[in-house]
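Protein chains in written order, with this note's numbering: chain A, 1 to 94; chain B, 1 to 309.
Read the hints as simulated data drawn from the structure, not as lab findings. One thing to keep in mind: the hints can contain errors.
[Unchecked claim] Covered by chain B, according to a simulated footprint, are these stretches of chain A (three or more residues, beta-carbon under 8 Å):
| no. | stretch |
| --- | --- |
| 1 | 19–26 |
| 2 | 37–50 |
[Stated by the list, open to error] Partial chain B-side listing against chain A, Cβ under 7 Å, derived:
| no. | residue |
| --- | --- |
| 3 | Ala263 |
| 4 | Gly264 |
| 5 | Ala277 |
All values reported here derive from a predicted model rather than from experimental measurement. Glycine included, every Cβ here is placed at the ideal spot set by N, Cα and C.
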Amino acid sequence: MNAQPNLRSAPFLLRNAGITWRALDDEIVVLDLETSLYLKVKGAGAVVWPLLAGGTTLEAMVAAVLEVYDIDAEIAGRELTGFLDDLGERKLLR
Amino acid sequence: MTDRYLMHGLRIASDVPLPEPATSFSGPVDLEIHRSEPGTIERIPDESIGIRYALDTDTVYYEGHCEEPGLWVLKAPGVVSITLRGARATVQLGPAVDPELMPMFAAGLGIGLYMALSGRLCLHASAVEADGRAVALSGPSGSGKSTLAALAAAAGHPLVGDDLLRVDLAGEAPDVYRGASEIRLRAGAAALTQHWPERSRMTADGRTAVAPPRTRAERLPLAALVFPVLDRERSDVGIERMRPADAFAALLTAPRILGWLDAGVVARQFLQLTALAAEVPILVARVPWRARAEPEMASTLVERVLSLV
Chain A
1 MNAQPNLRSA
11 PFLLRNAGIT
21 WRALDDEIVV
31 LDLETSLYLK
41 VKGAGAVVWP
51 LLAGGTTLEA
61 MVAAVLEVYD
71 IDAEIAGREL
81 TGFLDDLGER
91 KLLR
Chain B
1 MTDRYLMHGL
11 RIASDVPLPE
21 PATSFSGPVD
31 LEIHRSEPGT
41 IERIPDESIG
51 IRYALDTDTV
61 YYEGHCEEPG
71 LWVLKAPGVV
81 SITLRGARAT
91 VQLGPAVDPE
101 LMPMFAAGLG
111 IGLYMALSGR
121 LCLHASAVEA
131 DGRAVALSGP
141 SGSGKSTLAA
151 LAAAAGHPLV
161 GDDLLRVDLA
171 GEAPDVYRGA
181 SEIRLRAGAA
191 ALTQHWPERS
201 RMTADGRTAV
211 APPRTRAERL
221 PLAALVFPVL
231 DRERSDVGIE
241 RMRPADAFAA
251 LLTAPRILGW
261 LDAGVVARQF
271 LQLTALAAEV
281 PILVARVPWR
291 ARAEPEMAST
301 LVERVLSLV
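Just chain B, with the same shape it has in the complex (with noise of 0.2 Å):
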């Protein structure tokens, strides 16, 4: 069966739900996505990579390649594959992995590889709504961008979309797009769940997903994006804004997708992270870091961003 969704300002019909409700519309799609039997997924040759995320040669988290103009492949090995023709999307999973998954995969890899090859500016980003404009976080997994979120949410703060925030640089300042309408929660963050107990669910990777009060916008000018840094000897927030040259490096580590070689996608993403270096305030956030942290130090936090911006 095939839903359609309005997330990241796409119009998109897919056979694979997603963390969102679905809705209705008539037209044209941006994007379909579509779900393929189990097979399996093996490495892709040297000679023709594109993408690789790696941690090493031999521990790769994905991979990717053109294989002719206008379709692309990208795989975790073992893990999942995406095959991205034009703008159809089709997911397969390896024979092992858990079929609850691939809704995480498709909104994840399979539409960030979508947004990046059209070129749309996709981050691994959490954001919520302040005043009418988005804080974005943004860093590695395990950095702490869902769980404040969450927390900013708990005190207030509705969801603007967790792990995959697009942002568009074409208008006189930029804007983000609602994303999906969840957040997943690692374990450490799992007591976040007292605020939307009805509101939750486990992963089938082992996460806990929750659907705070999102924003009624669907697009919201971009006020900040944050790299948290969880530290556990602070007492208080400490903010400070980067110059723009160093924000523009640390960008380097925010698309949602990494690990590009493809030239022009390189040279895409040049032109766009150091516009939003230069356009949007990038900050660093020094948070105090507690084995439960409280909702009011997220608000703290996204309160102090807005009055440095």
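Just chain A, same shape as in the assembly (with noise of 0.2 Å):
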């Protein structure tokens, strides 16, 4: 029996306290509160960001991605969870 999750249909989303964010063009700016850090978010990460914010997954981000950038879909899954890993870190996610 397998009891690893399936990350391609996890729910991610972003902590819904103390996070004011605003799209810029093609980029994210975020204000975390409780760290008092700002952040620049573009490329792919943007694309995804208004997702994350209601709930998503890495399957759907996957095909955000794939809609405006030529790649592959397994880097863009790839890349994807390099970036949710650095949120999480971030402590970002919930």
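Take the two lone chains, each set in its own frame, and fit them into one complex as the hints suggest.
The following block contains the structure:
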């Protein structure tokens, strides 16, 4: 029996408190009020950020990135996983 | 004696003389400014800090805290303390501080603190008028914004304000308000007084204040905000528009009162500065810099800014 969660369909959601963000052209600027840190998110991260704000899956994020960038789905998934790990380390995800 | 002033779109009653001609009006005021007798001005305990603008832990430019709801105190230790209770500011100097400096602190830190806490966006910037719009110059102390504003004024662009510039984001496009009537110049730029020899004076902190012709408008649409970079190697003005996210990062250094730790003010400034970055061209201007810069250079700068926006 496989106890591993299915990452492609597991939900990802931004922390709902203490984060303010705004899209500026094709980039996102973020204020984490708990750490008083500002972040700039660009590229694929900026594409999926609005999805993360409402709650999404890796599968949906990969699909969104493939609509914008002409890259392989596996590469997109790997890049996004790294991005999600980074957000997790910054405690920006629920 | 209390005088009344109209500056930054505010109706101010102050017994500290402000760098602005006093005027008369009836009715309520937005802000009262009062002076207090000199006293010892000590550091604020770390546990209650709500503002800290410092070079390091020992070198604090100013710091502040909220003593109780509606009561904030901002201090430059040993130098000045501003107590703001609602819309009433009291300015107190340290015992060894020249009383002539009180107007500068009242007009800068005092009004800046009031504006930030009352939700108004207030930048550390100078501005001149061009074609019915304002071109603002921002950047840290010593970046050349006041000198460039004075040069532009000498080239015929009326002054909108110096040091503190209120931006109103409530309308369809951002406006700025006319501010103080004087520009404070460092020693290196004091030669600019030649343009207004009758309207110059020495200040208590060793600068030269000049009062060039100013705009007649109380508020003007903001055409662009420029961060000047003085460059001794350049021979011409170079201007580049910043990407909005980079512009936002640059604007984080632009508020008149820096170092906010209060979450409510930080969150509000985030919304204001992202709106400004989205709605107004934010430019970097590389400016040829000589020992004796000429007004024509500043005029070229303003014209090139307007041609880009």
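To see whether the hints hold, each was checked on the structure:
1. Interface restraint, the stretch 19–26 of chain A with chain B: holds (4 residues with C-beta to C-beta distance below 8 Å; minimum three).
2. Residue count for the stretch 37–50 of chain A with a Cβ under 8 Å from a Cβ of chain B: 3. That meets the three needed, and the coverage hint holds.
3. The beta carbon of Ala263 (chain B) comes within 5 Å of a beta carbon in chain A, closer than 7 Å, and the hint placing it at the interface holds.
4. Below 7 Å, beta-carbon pairs count as interface contacts, and Gly264 (chain B) has none with chain A, the closest being about 9 Å; its hint is therefore violated.
5. With a least beta-carbon distance of about 6 Å to chain A, the hint placing Ala277 (chain B) at the interface is held under the 7 Å criterion.
Checked against the numbered hints above, the structure violates only hint 4.
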